[in-house]
Amino acid sequence: MICEECQKNEATLHFTKIINGQKKEMHLCDECARDKGEHLPGSTGYSIHELLSGLLHGDHPFDQQSSHPSSSSRRKPLVCPECGLSYQQFIDKGRFGCVHCYESFSLKLDPIFRRVHGGNVRHHGKVPKRTGGKMQMKRQIQQLRNQMEMHVEKEEFEEAAKIRDQIRELEMKMENKEGGE
Amino acid sequence: MSLDQFINEAISPWMKKNCKEEDDIVLSTRIRLARNLENFPFPIAASDHSASTLLHYVSKVLSEPYDESIGKLELIQMNDLSPNEKRVLVEKHLISPHLAEESNYGAVMLSQDESISIMINEEDHIRLQCLFCGFQLNEGFVLSNGLDDWIEGKVTYAFDEKRGYLTSCPTNVGTGLRASVMMHLPALVLTKQLNSIIPAINQIGLVVRGIYGEGSEALGNIFQISNQMTLGKSEQDIIEDLRGVVIQLIQQERSARQSLLSHSRIQLEDKIFRSYGLLANSRIMESKEAANRLSDVRLGIDLDLIHGISGNILNELMILTQPGFLQQYAKKALTPAERDIERAKLIRDRLHLEKENK
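These protein sequences, in sequence, are chains A and B.
Residue numbering for the first sequence follows UniProt numbering, beginning at 1 and increasing consecutively.
Residue numbering for the second sequence follows UniProt numbering, beginning at 1 and increasing consecutively.
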């Protein structure tokens with residue numbers, strides 16, 4: 001059988017690909033398979049990154065112009081100052097270049113995460129032990145502040161004062177911890 | 001010595017360990033954590049210098065033994081391997097295709113029993129993977145979590161209070177956890193029930209894939225079920241949701257098997273024994289056919305129709321008959337036609353050996 005891609009060499013790789021439930025028989029020669037990234041199991045051309053990139057592209061139809069470097073000279077393209085990856089490159093590759101990209105593109109990330117993670121934008125899992133104590137206290141303080149504000153709105157000042165004391169206590173503890181570390 | 005084992009033995013020692021009788025439907029469990037270090041760009045944006053520094057640093061840190069039962073992890077660098085050797089490690093699920101082909105200064109650290117694989121400079125700096133035989137989500141999670149704590153004590157992970165563990169790809173951010181189980185579901189496929197179950201599974205944030213992950217076809221009725229979402233749920237919830245679905249799938253597969261036995265026993269027996277006959281006698285065997293026939297034989301073993309062959313034969317031959325392994329076994333490069341002949345011979349030999357040992 002002849003390779004369906006180059007129509008020249010003998011096809012050596014025969015496999016079935018399923019895209020969106022559609023089965024497709026493929027017959028490729030080694031060369032074309034390598035070009036298409038098809039020569040190892042699992043490394044089929046249609047990767048999660050392409051899928052993701054497709055999703056991301058569709059995400060900001062109105063932002064496309066402003067974030068595309070060549071199309072707009074008025075607005076500067078969004079670029080991560082640390083690794084130099086532009087937002088457009090992130091969209092194309094579907095991957096961040098470094099930790100700082102998360103801050104650099106932070107305003108645009110919530111819709112993306114929501115889409116990929118079933119509406120979630122915030123982490124609720126494991127916290128590194130090293131930062132664990134402090135971070136958990138911070139979370140607790142934030143929750144108490146919210147409660148305090150609710151009581152103030154309802155003019156329940158006695159309750160609010162009690163919570164304020166709790167917050168102070170926690171803040172003291174946190175300061176001591178920071179000093180001790 | 002151990003590199004030899006990693007590359008020449010089809011069956012990883014973990015596949016034989018703690019396997020229970022009821023592991024007839026869930027073949028294996030895998031837990032993967034994606035982690036990155038602060039102060040290093042992700043591999044995709046890393047310079048050669050940065051990638052090699054990271055490799056050196058991480059492999060040094062992980063060279064001390066984690067605990068006595070596990071022992072020292074062995075470092076294998078991708079640059080030191082031939083393309084076929086890398087392929088074999090992919091076929092054994094010890095490394096990813098991405099690490100084998102695209103990584104820069106990529107490496108893997110493996111435990112002696114191959115149940116722990118830590119990839120360095122994959123898509124993320126560290127990809128920690130624990131493999132277990134059968135349905136052992138808890139055991140896998142406990143081990144991977146312990147290893148994660150151990151590594152965390154030595155390096156500074158990239159972590160953000162709002163987003164969790166930061167990863168190169170937005171699909172892994174948060175917990176960085178991908179839990180997956182490999183299931184053999186021949187009766188659900190045969191009774192055409194699986195197609196209607198998959199959309200329901202997708203709806204609760206889980207995905208169903210073929211044996212070699214992303215984009216691969218379900219060879220030999222083997223499916224990989226794993227979580228899609230990594231952000232917003234705790235590790236425990238992710239594991240529990242997966243467990244719930246897997247238990248339901250086990251029950252459905254069992255009842256489909258029973259109904260096949262009671263409604264069309266002779267047809268089922270015919271299918272199984274035909275496949276057995278083909279595997280035991282063929283001279284040319286393509287990989288897809290081999291996978292499907294092996295699935296039938298495994299079903300025959302599970303239903304007590306075929307005796308004297310160990311259930312592990314499916315897992316073992318599925319890996320052994322992959323192109324990389326066949327070539328490693330033959331000690332030379334083989335054309336696809338030669339592979340089909342070699343594959344048929346290997347399966348015949350293996351089944352014969354099984355009979356002799358009994």
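A couple of the hints might just be wrong.
Every beta carbon over 12 Å from chain B, so not counted as near; a handful from chain A, in silico [stated by the list, open to error]:
1) Leu78
2) Glu103
3) Val127
4) Leu170
With a straight-line cut-off of 30 Å between C-alpha atoms, the simulated DSSO-like cross-links for lysine-lysine are [unchecked claim]:
5) B:Lys271 with A:Lys108
6) A:Lys24 with B:Lys288
7) A:Lys76 with B:Lys192
8) B:Lys154 with B:Lys192
9) A:Lys24 with B:Lys60
10) B:Lys162 with A:Lys24
11) B:Lys288 with A:Lys173
12) B:Lys288 with A:Lys129
13) B:Lys332 with A:Lys138
14) A:Lys129 with B:Lys154
15) A:Lys8 with B:Lys355
16) A:Lys129 with B:Lys332
17) B:Lys271 with A:Lys173
18) B:Lys288 with B:Lys355
19) B:Lys192 with B:Lys271
20) B:Lys154 with A:Lys138
21) A:Lys129 with B:Lys192
22) B:Lys192 with B:Lys60
23) B:Lys192 with A:Lys93
24) B:Lys288 with A:Lys8
25) A:Lys162 with B:Lys162
It is worth saying that the hints were derived from the structure and are not from the lab.
All residues carry an ideal CB built from backbone N, CA and C; glycine is no exception.
Each hint, compared with the structure:
1. Leu78: 16 Å, holds
2. Glu103: Nearest chain B Cβ is 9 Å from Glu103 (chain A), so the label is violated.
3. Val127: For Val127 (chain A), whose nearest Cβ neighbour in chain B is about 7 Å away, the distance does not exceed 12 Å, so it is violated.
4. Leu170: 16 Å, holds
5. B:Lys271 with A:Lys108: Roughly 55 Å between the alpha carbons, so the hint for Lys271 (chain B) and Lys108 (chain A) is violated.
6. A:Lys24 with B:Lys288: Roughly 15 Å separates the two Cα atoms, so the pair holds.
7. A:Lys76 with B:Lys192: 55 Å, violated
8. B:Lys154 with B:Lys192: Violated - the C-alpha atoms of Lys192 (chain B) and Lys154 (chain B) are around 50 Å apart, more than 30 Å.
9. A:Lys24 with B:Lys60: 46 Å, violated
10. B:Lys162 with A:Lys24: Given pair Lys162 (chain B), Lys24 (chain A) is violated - Cα atoms ~42 Å apart, limit 30 Å.
11. B:Lys288 with A:Lys173: 63 Å, violated
12. B:Lys288 with A:Lys129: Since the Cα atoms of Lys288 (chain B) and Lys129 (chain A) sit roughly 47 Å apart, the hinted pair is violated (cutoff 30 Å).
13. B:Lys332 with A:Lys138: The given pair, whose Cα atoms are some 61 Å apart, is violated under the 30 Å limit.
14. A:Lys129 with B:Lys154: 12 Å, holds
15. A:Lys8 with B:Lys355: Judged against 30 Å, a Cα distance of about 46 Å means the pair is violated.
16. A:Lys129 with B:Lys332: 50 Å, violated
17. B:Lys271 with A:Lys173: 70 Å, violated
18. B:Lys288 with B:Lys355: 24 Å, holds
19. B:Lys192 with B:Lys271: 16 Å, holds
20. B:Lys154 with A:Lys138: 25 Å, holds
21. A:Lys129 with B:Lys192: Roughly 47 Å separates the two Cα atoms, so the pair is violated.
22. B:Lys192 with B:Lys60: This hinted pair is violated, its Cα atoms lying about 51 Å apart.
23. B:Lys192 with A:Lys93: 37 Å, violated
24. B:Lys288 with A:Lys8: 25 Å, holds
25. A:Lys162 with B:Lys162: It holds: about 28 Å lies between the C-alpha atoms, which stays within 30 Å.
The structure shown violates the earlier hints numbered 2, 3, 5, 7, 8, 9, 10, 11, 12, 13, 15, 16, 17, 21, 22, 23.
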